[in-house]
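Take the two lone chains and join them into the complex the hints point to.
The chain contents come next:
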Amino acid sequence: MLASGAPSHINGEMLAIFTDREWLWGAAALYLAGFLLGTVSLLRGGRPSNIVMYSLIAVGFVIQNLGLAERGRAVGGCPLGNNFELFQFTAWSAITLYLFVGVTFRSSLLGYFTACLTAALTFLSLSLPAWDSTRRVHIFGQNPWIEFHAALALFSYGVFALLALTSVLFILRIYSLQSKRIGGWFSFLPSVLDLDHIGVRLLWAGVVLLGASLAVGSVYWLRDPAKVGIGMLTTAWVWVAYAVALAMRIRGRLLAKRFAWTCLVLFAVALLSLPLVDASRHPAPAAEVRFPRNNA
Amino acid sequence: MSAPGIFVIGANHHRAPIEVREKLSLGAENEAALQAELAGLPGLREFAVLSTCNRIEFYGVAADAEAAAKVEAAFCNRQHFDAAEFGKFRMDLRGREVLQHLVEVAVGLDSQMLGETEIFGQLKEAYAAAQARKSTGPVLNRVFQKAFQAAKHVRSSTAITVGQVSVANVAVELALNIFGTLAEARILLLGAGDIGEKTAKAFQSRGAASLTVSSRHIERAAELAAQLGASALPFDQREARIADFDVIVCSTAAPNTVVSTVATAMAMRKRPARPLFYIDLALPRDVETGVAEIQNVFLYNLDDLAKIAEENRAAREAEIAKCRALLSERVDGLWRQVEHQLPSSAGRNGT
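For the record, the sequence lines run as chains A and B.
In terms of the numbering used here, the first sequence is residues 1 to 296.
In terms of the numbering used here, the second sequence is residues 1 to 351.
Isolated chain B, as found in the complex (with noise of 0.2 Å):
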């Protein structure tokens, strides 16, 4: 039995492993019926549910000792999952250390992708979703909406979130810093596979409107410009539409270079004011290592990408203790101000 207050407990990608996360994914239909349920909850008096793929995570203020538990037990009864199972990588903090917790959360300091920022908007959506069927309370709004302002204050006070540390996106950041948007940018992607698609994905997410596959199997051409809503270019015809794109991302899996220096160079005679920026993922290499030396000519390979994505990682690491720093002042002050309005075992506040 524990002492009601504040609390969150959950399971997340530190101590579940994806087998586990997959099987504790709330689906959109279980996640409101769910909720439904915890609105019921006696002893409950505020409540609001983080649910990502690395994370589930309930935060409350529980009036009652149980309340906590109970929370535990309806989701693990919705979710079919073994409590005692649960309890193996169950996360369960309180007071203070959910003020903590949270914070870090937002900031993506408990991410597995260290300092990304996608946390902080499915943080905010949880909580939007939480105040619009009214389950939190001046707790849980006081602390959410701080936690907020000191992820901001952290972000722009550190560099926990400068540099991309996944090899694609990393590749866009290098478009970025070439061409300023993506929204003109045609991009044509040589070879249909896996990591081709995941790059040619992550210049979608960031405003690409012009995408090209191009494959030495056609209709895997076919099939991949299919998904991704682009369209395809006969291999053959490759190097004759060099000048026609500006950024190539070249994966393919063919045994000599697809890219030729002379093509590149021709091609650059016909555009010779707007630069060329090559992605080369390939093992063995796709594009000539002389197109580096044609003037507005850029080409990364992958040891490129990953060095740079590596070193950003490393970057960010370096920042967590200024973060935690930062953060451990915020949550003092948060804790002050909260302390006083949680439930307490003596009553205090209690219902």
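Excised from the complex, chain A in its bound form (with noise of 0.2 Å):
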């Protein structure tokens, strides 16, 4: 195991300048920095710009890269040890969709609440040093269908992230309409239909890739059933609760708000069981591994 704050050995000189935490605090500040600016504009009654959003969200979803892209060479492989690299990871994976499907959405507030989303994840897990006590190295071994699943599994965790954040948007939006209050940033919000639409297909989207990691997941422990922890239920239950949503919207069983507040739930439930997921780890395979400091 490595200690924490350490600085891992790269070859790369740009990622020498600093740390991967340093790296990572950049990106979680740039995320914070488009939250206040979306704030200050929603509190003087303006739009917050599409432009400066996507630009902030952008560039720190680059910082954010190279401060996992140093984590994941010290840890030797998809940085998925702990807490802390969890709760990066589905930052990450939320943004990463918002980069490059979300802004499709055309809702600035999609942006503004995805700032604000990534940056509440990436404060909290950097804030919070024990989560970030151990690293684990080569948490995989030499099983790249394991880090497969184990990175699909969370990259369905940003989906949902992203679909929690539909949901507050949808709700806010049947407030508005129900509440007669459709001027200042209500405006800003996107239609009704449009919001539920976008809201299935993440969920069936979220719903595939969890299914398909826990097929992936599910080859190497029906050999070596032993492994199976809570882990692997815990998420074999998100995506089921998950499954059952999407099958009772697909029925018209779970509509509008009722939909919306299902998938905001299943995504605080999602959240709270990544700490069970990781204190069901089995000890990292290999040996550990320390690199010398090299910041610069």
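It is possible that some hints are incorrect.
[As the list claims (entries may be wrong)] Simulated crosslink set (BS3-like; lysine-lysine; CA at most 27 Å straight-line):
| no. | chain 1 | residue 1 | chain 2 | residue 2 |
| --- | --- | --- | --- | --- |
| 1 | A | K180 | B | K198 |
| 2 | A | K180 | B | K201 |
| 3 | B | K88 | B | K70 |
| 4 | B | K201 | A | K257 |
| 5 | A | K180 | B | K307 |
| 6 | A | K257 | B | K307 |
[What the hints assert, rightly or not] Stretch-level coverage of chain B by chain A, calculated; a stretch enters the list once three of its residues show a Cβ under 8 Å from a Cβ in chain A:
| no. | stretch |
| --- | --- |
| 7 | 150-163 |
| 8 | 167-177 |
| 9 | 250-260 |
| 10 | 268-276 |
| 11 | 290-298 |
[Stated by the list, open to error] A few chain B positions that, by computed beta-carbon distances, are all more than 12 Å from chain A:
| no. | residue |
| --- | --- |
| 12 | E31 |
| 13 | E37 |
| 14 | A209 |
| 15 | H217 |
| 16 | D246 |
| 17 | W335 |
| 18 | L342 |
Rather than coming from a laboratory, the hints here were simulated on the basis of the structure.
We put the beta carbon where it would ideally sit given N, CA and C, even for glycine.
This is how it looks when you write it as structure tokens:
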């Protein structure tokens, strides 16, 4: 295991300028800047600028990539070895989706809420040293399928994060229409139908991705059932819950506000399950690796 | 007698009542003939004509002091309108005030419906027409183009165009907040009165393609349906067919409600995932208030719409000072650019 905050040894000169955590602090600061800028715009009665919001998030994303890349090199694989890394990766997944898919929703408020959520996730993970007190290296051993399973599962959590954000927008839109207050920043919200369609598509995507992740993982666990821990079961239950929500939505049994609230609650449950997943890990199979400090 | 330079003369809704504006309104033929006449006016270097239902304005660059008066005389003569009478309603601005007025018109600050955006398109059309007949030159080209830029800047930097200020447009905006686009929205008009007709037209102007009219008087429904290019529905089928529609505009003069909560609840069972929007413009009301409790159903009555329109209007008015401050900077800069290009009484740049 690595000591917390230890910089990794990498070849790229750029990455070596800062430690992984310093890069990640920088990214978190940019996400926070996006959130604060959006808040100021809304308080002034204006719309958060799409270009500014997108630029801040995009630059934050690049910096977060640098931090995660450095961390990945240090731990010898996808950085999913502790709570800190799980939260960072979830935030990264949500941002990836926003930048490449979410922007087509043409809602500056989606960027605003994405910045809010990712700032919260990244700052929370950075400000709790206990979450990053140990770093597991080579946690996936020599098995790339398990690494793929884990990365896919976390990516689906990013999809569910974006789904939670669209659910927030949906609830606000319904509130504005029912309370007959459509002016102010409510006017920047997408329509009820658009948000509903986006939510269903995201739910489909998340269920398929998490299902694929579990399918990949099951190949490994079926060969060695003893390794099926509470983490795997928790993830499976999260998938079942989302799959049931999707089935009910398709059958018209879970609609509108109830559907949005369900997606929000499920995401909270999924987030709370991450520490369980982390706690159920088996000890890292590889030897500890220590890297010399090489900060510029 | 006035000095040469840039001017705008005309009449608009601020001083001229509708009866006068009707008489001053230029028909297409008269407009073409007048423009041909103005093109031959000695001393008039450049001109453009803005003619809308609320204003007739002649923007010009005069090389001599009489040109503006000649434009006015030609217009009054063409319209058979007494020149002395015209003087009572006339707007006559010169120099920097012309630029200020033009940008305020472009932004919608000078419009009867504050902040409306239609005038921007009308102004662009007027300028394009003037360009096409080569009646603009370096001064008006610069002035109009800069006015358009300033208008776009102000509209995007302020909330002057945010929110609709008429009941019909508020209803359309609400429908857009629910459905995103009206292209696939199916609209039912219950009642064939004026307010319903206006609302239906507002929906059509924003892309609504499927419109059905139903009235207690079937002849009137058929007549309005034909007028709007819509289909007609027998009034007694209205509740059975609720599920077929996304937006239902109610404006009957019926003494009791004509849409029940029970019928709506049954309709929603057939289309639970698709919202239903009731716009109840009738007094007494047409729709039972209980429908608002049904999931995915939205109900707005006349008071709700009027309140939103009033709030939007007040919000726009609160933006006027901010708009003027932004425009003033632009106008100052523009005036410095064009001032030296203008003919002067001392003969500078004069013909």
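So, going through the hints one by one against the coordinates:
no.: 1; hint: K180(A) - K198(B); verdict: 22 Å, holds
no.: 2; hint: K180(A) - K201(B); verdict: 23 Å, holds
no.: 3; hint: K88(B) - K70(B); verdict: 17 Å, holds
no.: 4; hint: K201(B) - K257(A); verdict: 32 Å, violated
no.: 5; hint: K180(A) - K307(B); verdict: 9 Å, holds
no.: 6; hint: K257(A) - K307(B); verdict: 26 Å, holds
no.: 7; hint: 150-163; verdict: holds (count 3)
no.: 8; hint: 167-177; verdict: holds (count 4)
no.: 9; hint: 250-260; verdict: violated (count 0)
no.: 10; hint: 268-276; verdict: holds (count 4)
no.: 11; hint: 290-298; verdict: holds (count 4)
no.: 12; hint: E31; verdict: 38 Å, holds
no.: 13; hint: E37; verdict: 47 Å, holds
no.: 14; hint: A209; verdict: 16 Å, holds
no.: 15; hint: H217; verdict: 32 Å, holds
no.: 16; hint: D246; verdict: 9 Å, violated
no.: 17; hint: W335; verdict: 29 Å, holds
no.: 18; hint: L342; verdict: 38 Å, holds
In summary, the structure is inconsistent with hints 4, 9 and 16 from the numbered list given earlier, while agreeing with the others.
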